[in-house]
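Enquirer: Residue-level listing of the chains:
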Amino acid sequence: EAGVTQFPSHSVIEKGQTVTLRCDPISGHDNLYWYRRVMGKEIKFLLHFVKESKQDESGMPNNRFLAERTGGTYSTLKVQPAELEDSGVYFCASSQRDSVGQYFGPGTRLLVL
Amino acid sequence: AQSVTQPDIHITVSEGASLELRCNYSYGATPYLFWYVQSPGQGLQLLLKYFSGDTLVQGIKGFEAEFKRSQSSFNLRKPSVHWSDAAEYFCAVGSYNTNAGKSTFGDGTTLTVKP
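Chains as they are written, first to last, in the working numbering: chain A, 1 to 113; chain L, 1001 to 1115.
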């Protein structure tokens, strides 16, 4: 069984540019989560999809971040325009319906210069 | 609000020595607790989890953790550390509602293993 995959693994962009991160969850997992770790601090929750619906987006830092999960399969997280403080590692996780345990992807390392 | 504290930012142990990583949590109800490990360049791998029942939980790679409600702790242990255990370890607490389950993480503890 394939795990959670994320693309790209690394991204280096300049302040003001746009970046789109992609997450492919484990097949059949209704729940999809985005987390990020900034500056070696704790891993913080961003948002949670159940299928294509946003269940909880309380962790989204501001309106420069837009997450979508069209069709309830893969998800994208767009940062537009990117700021220096957006640098960090963005993790995606997925889980089965009504399950608490999550499977994490390898993360996307974003560096904004 | 739920929170997790990992008091030790960095721990160094000798190969073959025992290991204990500390984790304290704050949560209003019965917590769902996890330990994850992240090796360099890898994603987060679940080591073990506690939902209910036996308070001593066995995980992968020879790790175990003990839930102590009176101390609000969920410390991770391993009797004999291997060089491949060098990594960053995260404790997390999860909430559970139908179709929920977001986790709150601690800051992580980096483990260095000396030869």
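Be careful, since some hints might not be right.
What the hints assert, rightly or not - BS3-like, lysine-lysine: derived pairs with alpha carbons at most 25 Å apart:
| no. | chain 1 | residue 1 | chain 2 | residue 2 |
| --- | --- | --- | --- | --- |
| 1 | A | Lys78 | A | Lys44 |
| 2 | A | Lys44 | L | Lys1049 |
| 3 | L | Lys1114 | A | Lys54 |
| 4 | L | Lys1114 | L | Lys1068 |
Derived from the structure by calculation, the hints contain no laboratory data.
Quantities reported herein were computed from a predicted structural model and do not represent experimental measurements.
Enquirer: If you draw a straight line from the CA of Lys78(A) to the CA of Lys44(A), is it 25 Å or shorter?
Expert: The given pair, whose Cα atoms are some 17 Å apart, holds under the 25 Å limit.
Enquirer: Hint check: Lys1114(L) vs Lys1068(L), CA-CA at most 25 Å. Holds or violated?
Expert: violated, 30 Å
Enquirer: Given the hinted pair Lys44(A) and Lys1049(L), is their Cα-Cα distance within 25 Å?
Expert: holds, 19 Å
Enquirer: Is the hinted pair Lys1114(L) and Lys54(A) satisfied, with a Cα-Cα distance of at most 25 Å?
Expert: violated, 45 Å
Going through the hint list in order, the structure does not satisfy hints 3 and 4.
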